[in-house]
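Whenever a hint applies, use it, and build me the whole structure from the sequences.
2 protein chains.
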Amino acid sequence: MVHFNTNCFFAMVRSRRKITARLPCRSKPMKSDRRSTLYAALADEIAGMISAGTLRSGDKLPSLRELRDRRGVSLSTVTEAFRMLEDRGLIEARPQSGFFVRQKLSEPPPRSRPSTTPAAVTVNRRLWDYLQLTRGRQQGFCYAVMAPQCFPNVQLQKLMNEALRDSPTLLSKYGGTRGLEVLRRQIARHAMEWGGRFNADDVQITAGGIEALNLALRAVTQPGDVVAVESPTYFGLLQLFESMGLKALEIPTDPEQGVSLTALDLAVRDGAVAACVLMPNFSNPTGSLMSDEAKQRLVKLLDEHSVPLIEDDIYGEFYQGRERPRPAKAFDETGNVLYVASYTKLVAPGMRVGHIIPGRYRSQVEILKYINTFSTPAVMQLTLARFLESGGHDHHMRRMRRLCTDQMARLNDGLARYFPEGTRWTRPKGGYMCWVKLPAGVDSTRLLETSVEEGISFAPGPLFSARNAYRNYLRLCVGEPWCEATEAKLKRLGELARQQLDNGAKAPFADTGNLFELG
Amino acid sequence: MVHFNTNCFFAMVRSRRKITARLPCRSKPMKSDRRSTLYAALADEIAGMISAGTLRSGDKLPSLRELRDRRGVSLSTVTEAFRMLEDRGLIEARPQSGFFVRQKLSEPPPRSRPSTTPAAVTVNRRLWDYLQLTRGRQQGFCYAVMAPQCFPNVQLQKLMNEALRDSPTLLSKYGGTRGLEVLRRQIARHAMEWGGRFNADDVQITAGGIEALNLALRAVTQPGDVVAVESPTYFGLLQLFESMGLKALEIPTDPEQGVSLTALDLAVRDGAVAACVLMPNFSNPTGSLMSDEAKQRLVKLLDEHSVPLIEDDIYGEFYQGRERPRPAKAFDETGNVLYVASYTKLVAPGMRVGHIIPGRYRSQVEILKYINTFSTPAVMQLTLARFLESGGHDHHMRRMRRLCTDQMARLNDGLARYFPEGTRWTRPKGGYMCWVKLPAGVDSTRLLETSVEEGISFAPGPLFSARNAYRNYLRLCVGEPWCEATEAKLKRLGELARQQLDNGAKAPFADTGNLFELG
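One line per chain: the protein sequences are B and L, in this order. Residues 990 to 1508 (the numbering used here) are what the first sequence spells out, left to right. Residues 990 to 1508 (the numbering used here) are what the second sequence spells out, left to right.
Treat the hints with care, since some could be wrong.
When chains are identical, the list treats them as one kind, so a pair holds in a single copy or across two.
Cut-off 25 Å, straight-line C-alpha distance, at most; resulting in silico cross-link-like pairs (SDA-like, lysine to any residue) [unchecked claim]:
1. 1236 to 1214
2. 1289 to 1215
3. 1418 to 1133
4. 1236 to 1211
5. 1162 to 1324
6. 1289 to 1163
Keep in mind that the hints were calculated from the coordinates and are not lab data.
This is the structure we're talking about:
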């Protein structure tokens, strides 16, 4: 289905008038009820289009004024109709954006219950197989990044040309291990928006967010150390553990509220945990969001036990509401939090510029940068600094957030529509990914092997655990603006899951997401 | 001293005629000896200018034809004069470049004799101090990279603008973990020049040479493993060992011939060595060059013992002679060699594009790239690929090699002229760095602390050993085209060394480069 627009909405509304007229009538209204009949009729009309699928979850409704003008009714009639639809849970107001068809609610997957013992990680082979399988395939729901056309390509290109013109030897200089001061200053300034109080010297530039994670981890761990993580957690992180000889301690995590602080408290008490890596804002893969109060408790808890917190805030800017959620770093008073973020997901994946605010681990992080990639291309840094300075960033991010919100609504709608009974999924308040629990019996890796042949890819659940758990889970990313092809792929994926469920009913396997018992 | 040019040479030659005429004459020649007298006189004249310092090591002489025309003598007279000077060891022919004042010979530092037991590495702190000390200071002899003006900035800038224009979303795409095929193909093609037979799939693109080393090391080692290296070796490599929990086994190394294969043979026989990292071509810091025969034996030896060889060939293109030395990889028939190189030093330090040809470790290296920096900026790769394709690279590298040869000759000359008696240094056949052994009693770290205050930096010897050895050694890099300031800095550095030697004579310390005994 193509993106909904006002004109076609009115066309549809008009074409459906006759049908609505043929619907069973209410009791004939009194004259004083005329207005109430009008708004109720309008509400019914729109409700009918929603139930018929003409209007889908996440579709934007025309504005109150537009509808007033086109239908020749009063503003209050339209307002009442929308209020009625809101009360019936069919539409919702979004701040500064207008009214949208409301998403159907799904029960989220249950809180995870991983093993209480640390595990050596062996996702390497699985990840390799996954990469081979999805390499060069159509994107589908695979990549945790927005589509290329969503980024400010023209602006960046212009800024980069200017940067090269202004500094003719920009490509011939290393640009320093810590990164260009002009960019570090912009990042420090930007952090003020979430309550960060830093100066340029507190910031270390990296080659994207993944290098930032690398450096942070190496700064605070030794091979053999135990590191606490959410469960499920980002597979790249687990893979890092494997390559660094670290053990993962998977902590029970609520797919909406984030990591269990009670469980984390128990885990760090015995002194065996060397560090903790979390994504308090829109975790990958679940999209969970910790409350400010939980973040504060988290920072205090880890500080008390001298366990460094590596906070991956790479999706923090993709919030749906009015305010950016604060990262845990905002509550850090001792420098115990290594804050990791990146402009890769925000401004330009191909520029590969991320950063760390490493708190008290600054010198360790800088020296690790020195030996990991030595420096980050200066032309990228200067271009990005100028983009941030220009104010173009704020405008761009508002657009990105609108896109994400829309795409997530479409995904939610499609999951409700096309996926087998018993499927549960998260409804994150930000980001552009969703963690889906299929009914026990569906093997997401096998599902991928089938679906990828039809150009439908995604990340299967077992990638997100050190112990090959979450076999009937999958992560769906919606980085592409929604289109008919996306809708068709999602529908087909649901069908394939249903087929596997039907075929596998003879030999179902356990729901491994809940196999682990919390001691 | 400014760079010598033909015109001022002739001015000097002319101005010295009278002086030459007043020199004691030879016995009066017969008429048939007229030509031989002429060429001998010319040779003497030039020799006199060399011994007086008017002509310095590395200065280019006028061409045969120029000298013939200006002096009104026959071509054979000039040829004979030059031959005479060559025989006397005063000048040397360089292929396709002409005749140059020959460098004074220094005895190289002795072969190293490090400990035979592996050591955990602790250079971290030393490196950090070094970085703090030299940060933001004038370059001096510190950085192992050519100066920004030596690189093809204008061409690259033009190619980058074109790349961005041709691919408008280049900054918004990851570009793939393995790297752009168009660049990998160019690299494979380029490797044919040294006998490499590869295709694009054999190549992995990295964020510079240092990431390439990282990935190669992680692909073949586990924390706790013992890795054999040259002694002295590149401090970044030792720092990598420290961060990865690897132990360094320093192998005796000849500063001209490279690593001792006899010692390496002994080391790998007991099966305790997990991998070996060497720089057979122009090693950092000594500049040593292994012979083809030694490289062949090396590859065979390590293959027989199933010890992977990581070959760092980052300086291989900076050869002084007519032919590029082949890397050990050219003799690898089993895929046991992980070949590491980079266009960082060759084309553009700020582009950060390196590569590995990882042989049989391809999948391990690719997955490590995936989790280290995910991908290398596509715009850099495309720009570089087009530069290589254009043929601009060959022209550029000829110029770079000429610059390096000149700078190294100047350095050699300055060391002979300004440094204390008993100083020994290497005379590499390529690269732009030199390993200097000062007389016992000079502490290079203390020397740096003093010299850096005067804008003279270099890398002190202890950085190049896992055991804080080489205290009276230093590495000098000459990446800047030589100028009066460089000459003055080198002179001053020699003075400071002499001062320390005079002051420290009361409490000399041992020559730690030779403290270790080979068992």
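Going down the list of hints, with the structure as the test:
no.	hint	result
1	1236 to 1214	both (6 Å within a copy, 18 Å between copies)
2	1289 to 1215	within (20 Å within a copy, 40 Å between copies)
3	1418 to 1133	within (16 Å within a copy, 49 Å between copies)
4	1236 to 1211	both (10 Å within a copy, 14 Å between copies)
5	1162 to 1324	neither (32 Å within a copy, 34 Å between copies)
6	1289 to 1163	neither (39 Å within a copy, 37 Å between copies)
Consistency note: the structure conflicts with the earlier hints numbered 5 and 6.
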